[in-house]
Amino acid sequence: MPPPQASVLLDPIVRHNPIAVQILGVCSSLAVTTQVSTALVMGLALTVTLCLSNVSISLIRRHLPRSIRLIVEITIIASLVIVIDQALQAYAYDMSKRLSVFVGLIVTNCIVLGRAEAFASRSAPWPSLLDGLGNGIGYGLVLAIVAVVREVLGNGTLLGATVLRRAADGGWYVPVDFLHKPASGFFLLALLVWGLRTRRKDPPEDPAS
Amino acid sequence: MPDAPRDTSPRRASWLERLRRLPEESTAKTLLVAFSVAVVCATLVSTAAVALRPRQRENRDRERRARLVEIVSRIPGIEEIFARTGARDVETDMVELATGRIVPSMDASGFDARKAAQDPEAGVAIPSALDVADLGRRAKHAPVYLVKDRGQVKLVVLPVEGSGYGGPIRGFVALSGDGNTIVSLALFEHQETAGIGARVEDPAWRARWQGKRVRDEQGRLRVGVATERLRPEDAAYQVDGISGATITSGAVNDLLRYWLGDDGFGPFLRTLR
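Line by line, the protein sequences give chains D and A.
For what it's worth, this note's numbering labels the leading residue of the first sequence as 1095, then goes sequentially.
For what it's worth, this note's numbering labels the leading residue of the second sequence as 827, then goes sequentially.
Just to be clear, a hint being listed does not mean it is correct.
As the list claims (entries may be wrong) - To be clear about the criterion: a stretch of chain D counts as covered by chain A if any three or more of its residues have a C-beta under 8 Å from a C-beta of chain A, and this derived list gives those stretches:
(1) 1182–1190
(2) 1254–1268
(3) 1272–1285
To be verified - Ranges between beta-carbon positions, derived for each pair:
(4) D:A1277 / A:G977: 28 to 38 Å
(5) A:G1070 / D:G1198: 16 to 26 Å
(6) D:G1265 / A:P1029: 10 to 20 Å
(7) A:R1096 / D:L1253: 48 to 58 Å
These are computed hints drawn from the structure, not numbers from a lab.
All figures in this text were calculated on a predicted structure; none of them were measured in a lab.
Each residue gets a CB set at the ideal place from its N, CA and C atoms; glycine is no exception.
Build out the structure end to end from the sequences listed, making use of the hints.
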């Protein structure tokens, strides 16, 4: 039996968080987290992709021959990503420039194909939508946490507004340059994963998940 | 009682029904699903691309104009020139690159350099020995933006393009009226790595270009990005590369040397001296 619907939505946000617990989609989380605004838009773009791809794949799940299943899923995901990328370029040009190639790279984000395979291809549309929403929020949440640390300590700002006055502007705060480098995202993410796994006694080490 | 009027709908239904009952793994079903998905996705993508294109082009044009205004407003004393001449605007001309002559009959407003470069008539292949910026082709003509004061050119803004690490790099270089001193370099259209190559937009790095000279007294092209340490004798012409971004720095070097060189705007710049 499928789990109750609330847990379909809420589980992936913390308990089965796609990045921190399942370690999927890490690459983009390193690249777009120097600023909170890009992290939020990236989280939103992934959530929209995930919801739409989950619902479309769930709708045709009974007519999906197993031999071409993966190709069909990737085609659907890729088309959705192109549409979202085009829409960003038309309606949020500055943001799309800052996200550069990373919106297009959602196609290769393991979370999207992972959820399509593991959930949407065997569930009804409504739970699939909730699953997509939950995983998207879980992804966006981790991105936002990493981005808050990187933007505040690396730049002294939060969403562009000054919180720590930089020494260069006459304040006291000397920004940590390391936080601009992609590697710092990796370290922060590792700390987050460590924290989550130590705090909880039941890390899902099940290789099947 | 199988009467004639009842004939069509059951047959239609049974045709659909038969489709739905096709075994999942049959070739017919596989082909049908693949084809339908392809058609739906292709329609979706092309509709979005076509419907959103005008808006995207508008965004890019607006960005280009904003950068042009920004680069022009950086020149020292520009406000004075504008105030004196009364014209708050920039004169746009089309230049024939090979001769450096302004072509008054051409209109710059609808000019698309990328399209023209690919056109067999309006574009020309760049000989590979000269193609330092790795462009392949370029348009025969290019727009130049001139700010004048009492008929004298005070500022020349030239569009430049090169090949970076992540894709094409495009922007403007502004030279003072002598056509030999850089006032500003704005490379705003690029896909360079965030935090590394994308620092071509960094104000501190851009500021280093101010006052650099393009050619020396003998007319040799000296402008560029220093590959290793900036030697004292090159300091008047070159800036240090962006650390960690060797390919991007090299691309900026190449695009400047191409567009300010003899196959680029060189002939036009000579007419200013």
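TODO: Just pull the numbers of the violated hints for me, sorted ascending.
DONE: Per hint list: 2 and 4 violated.
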